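Colleague: Here is how the chains run, residue by residue.
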Amino acid sequence: MRYLTFALGKGRLAKTTMELFEKIGIHCEEMKEPGSRRLIFVNEELKLRFFLSKGPDVPTYVEYGAADIGIVGKDTIMEEGRKLFEVLDLGFGNCNMCVCGPQSARELLNHGQLIRVATKYPNIAKDYFYNKKHQTVEIIKLNGSIELAPIVGLSEVIVDIVETGATLRENGLDVLETICPLSARMVVNQVSMKMESQRISGIIRDIKAVL
Amino acid sequence: MERTIHTPEGVRDIYSEECARKRVLQKKLHKVFVSYGYEDIETPTFEFFDVFSQEIGTIPSKDLYKFFDREGNTLVLRPDITPSVARAASMYFLEKDKSQVIRLCYQGSTFLNSSSYQGRSKEVTELGVEMMGDASADSDAELLSMTVELLKTAGLTDFQVSVGQVDFFKSLLEESGMPEDIREELRELISNKNYFGVEELIREQHLAPELANVFMQMPQLFGGTEILEKAKTMTNNEKALASIERLEEIYRILEMYGCAQYITFDLGMLSKYKYYTGIIMQAYTYGTGQPLVKGGRYNNLLAHFGKPCPSVGFTLVMEHLMNALSRQGIEVPLTWKTQEILYDETNRQEAIGQAMAMRREGKHVVLKRKEVCP
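So the sequences go chain by chain: V and Y.
Quick note: the first sequence uses the numbering used here, first residue 40, plus one each step.
Quick note: the second sequence uses the numbering used here, first residue 171, plus one each step.
It should be emphasised that the hints constitute simulated quantities derived from the structure, not laboratory data.
Remember, predicted model here, so these are calculated numbers, not experimental data.
Built from N, CA and C at the ideal position, the CB exists for glycine as well.
Certain hints may be false.
As the list claims (entries may be wrong) - Each computed EDC-like pair below joins lysine to aspartate or glutamate, with the alpha-carbon atoms no more than 20 Å apart:
1. 122(V) to 355(Y)
2. 247(V) to 61(V)
3. 171(V) to 358(Y)
4. 236(Y) to 179(Y)
5. 122(V) to 220(Y)
6. 232(Y) to 61(V)
7. 122(V) to 354(Y)
8. 122(V) to 358(Y)
9. 444(Y) to 217(Y)
10. 122(V) to 489(Y)
11. 292(Y) to 217(Y)
12. 171(V) to 489(Y)
Stated by the list, open to error - Computed list of chain V residues with no C-beta within reach of chain Y, every gap over 12 Å:
13. 51
14. 55
15. 70
16. 74
17. 77
18. 85
19. 93
20. 181
21. 193
22. 201
23. 206
24. 213
25. 224
26. 226
27. 230
What the hints assert, rightly or not - Output of the computed footprint for chain Y on chain V, the stretches with three or more beta carbons under 8 Å from beta carbons of chain Y:
28. 100-114
29. 118-132
Could you build the full structure based on these sequences and the hints that come with them?
Modeller: Structure representation (structure tokens):
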């Protein structure tokens, strides 16, 4: 039997995923060892391999078949636009992709005028403003602390993930528009889905049953 | 570093053993095409933009390499050879005799101006065939059996040829009467096997329960012949049923070819469904995350060149095949060994004579002059 390889987005997502997998009998004790510096973890009995990677890299590993299955946020899937099968909504990591800014910026979203949008997700922002809202915008790509941009006058609004909205409120910003809901998804390589159809379909079926 | 010794991102040199193996493999695969009676055709590397425009091809305009000729016409480096072959066929073959069946094969480079840092080649070698003038299940089966033969000839043993049928989805869409944007969204969700997404979208549409159920099941309708049986029980739509019967007929013919064990079905395979008009096929194996072979039936393509004619074809990407072979540890045996004949000034005549004699026998001979010490 071949190894089935899972790519998991680092952090909380990976932890919640492994808890879910344990419910369907997929364990990986190696991963729980504290302070381990290993990059890849193996379950020899079930012939499974797991590795952790940065979220935005998960779709890349899966598209090329370096991993058969990936667990990653919907935001990353939308932003990366890779060719993958998106087979399951795992129902955790729920949050929203939103347009946010100070209340004064609300008015700017109602007209077609050019505004500046700061974001970590240029593709999602572009698609939303160009194809859904039909508003011309200038996208400014940032790598973190996006909330800063409207405060210091780098942009009028931002496009970012909003979980509780606490950070926004503390900085005098509000959700102005919701683009779409997000959650963790299971993605599968298109070739693996066919070549390992039985095993992968089995995993999907089992997870569905415990969701 | 000087730019002159580097290749641009996305293209590369192929040399030594890799190049030799690629040639040998290409020759073997070409033999398969010829053994089915397909004739070679060569079309230009670049053509007018219109040949690959959105209505005709399947590649978005932004992914094409475009440039201008002296008259200001937009030219395109071919991203795909099929439209070129269709254009050529409509010029040279389809006029003479309407009932004629044309079988053409080709090989050459194709070019995609895709985004950077994706680890993807911008130039790949494609081998492919097109069969024009035949709308029967026999012609679909001929191409599928040829795909199996090709992959076996390449040395693969563990592979799968997956067959889809866009007519099934199209006839159900027609029945549903959903608006265009919803259809597109549904197609995308089904072809991404996004079970939940499909369910959510279909629930909002208030379709007849039976129809809603088929759409919801479509992401899971892949596997052996049993899924055809299953699909038939799920709908009364005559066109949809006929499209499944077509697949069954193809399967029966493939049994006669003796290659049915490599065939699976996937009714949710709906990429580019506007381009294809019947079967869609993709071949997979281990070691490459992408399909090795892609193709299908496109009965509307030739109409763009003024000669409507049913056609079916496929292309195989050499790079994907070579990757899969090397990752599976399958050797492409080189059938020769290059021999060397050493000579110096005293025996030059004899050496040349012997080398030429051996070359005429088909041996590979290098004449090597002994270095004279000064």
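Colleague: Now tell me if each hint is right for this structure.
Modeller: Status of each hint after checking the structure:
1. 122(V) to 355(Y): holds, 15 Å
2. 247(V) to 61(V): holds, 14 Å
3. 171(V) to 358(Y): Cα-Cα ~17 Å, so holds.
4. 236(Y) to 179(Y): holds, 17 Å
5. 122(V) to 220(Y): The given pair, whose Cα atoms are some 27 Å apart, is violated under the 20 Å limit.
6. 232(Y) to 61(V): Violated - the C-alpha atoms of residue 61(V) and residue 232(Y) are around 45 Å apart, more than 20 Å.
7. 122(V) to 354(Y): It holds: about 16 Å lies between the C-alpha atoms, which stays within 20 Å.
8. 122(V) to 358(Y): Holds - the C-alpha atoms of residue 358(Y) and residue 122(V) are around 11 Å apart, at most 20 Å.
9. 444(Y) to 217(Y): violated, 23 Å
10. 122(V) to 489(Y): Judged against 20 Å, a Cα distance of about 18 Å means the pair holds.
11. 292(Y) to 217(Y): With a Cα-Cα distance of about 18 Å, the restraint between residue 292(Y) and residue 217(Y) holds, given a limit of 20 Å.
12. 171(V) to 489(Y): violated, 38 Å
13. 51: Correct as stated: the minimum Cβ-Cβ distance to chain Y is 22 Å, above 12 Å.
14. 55: holds, 18 Å
15. 70: holds, 24 Å
16. 74: The assertion about residue 74(V) holds, with a minimum of 32 Å to chain Y.
17. 77: Holds, because the least Cβ-Cβ distance between residue 77(V) and chain Y comes to about 24 Å, which exceeds 12 Å.
18. 85: holds, 19 Å
19. 93: Given a closest Cβ separation of 15 Å, the condition holds.
20. 181: Holds: least Cβ distance 19 Å, greater than 12 Å.
21. 193: holds, 26 Å
22. 201: holds, 21 Å
23. 206: holds, 29 Å
24. 213: holds, 28 Å
25. 224: violated, 9 Å
26. 226: violated, 9 Å
27. 230: It is violated; residue 230(V) is separated from chain Y by about 4 Å at its closest Cβ, not greater than 12 Å.
28. 100-114: holds (count 5)
29. 118-132: Coverage by chain Y holds here, the residue count being 6 at a Cβ distance below 8 Å.
Checked against the numbered hints above, the structure violates hints 5, 6, 9, 12, 25, 26 and 27; every other hint is satisfied.
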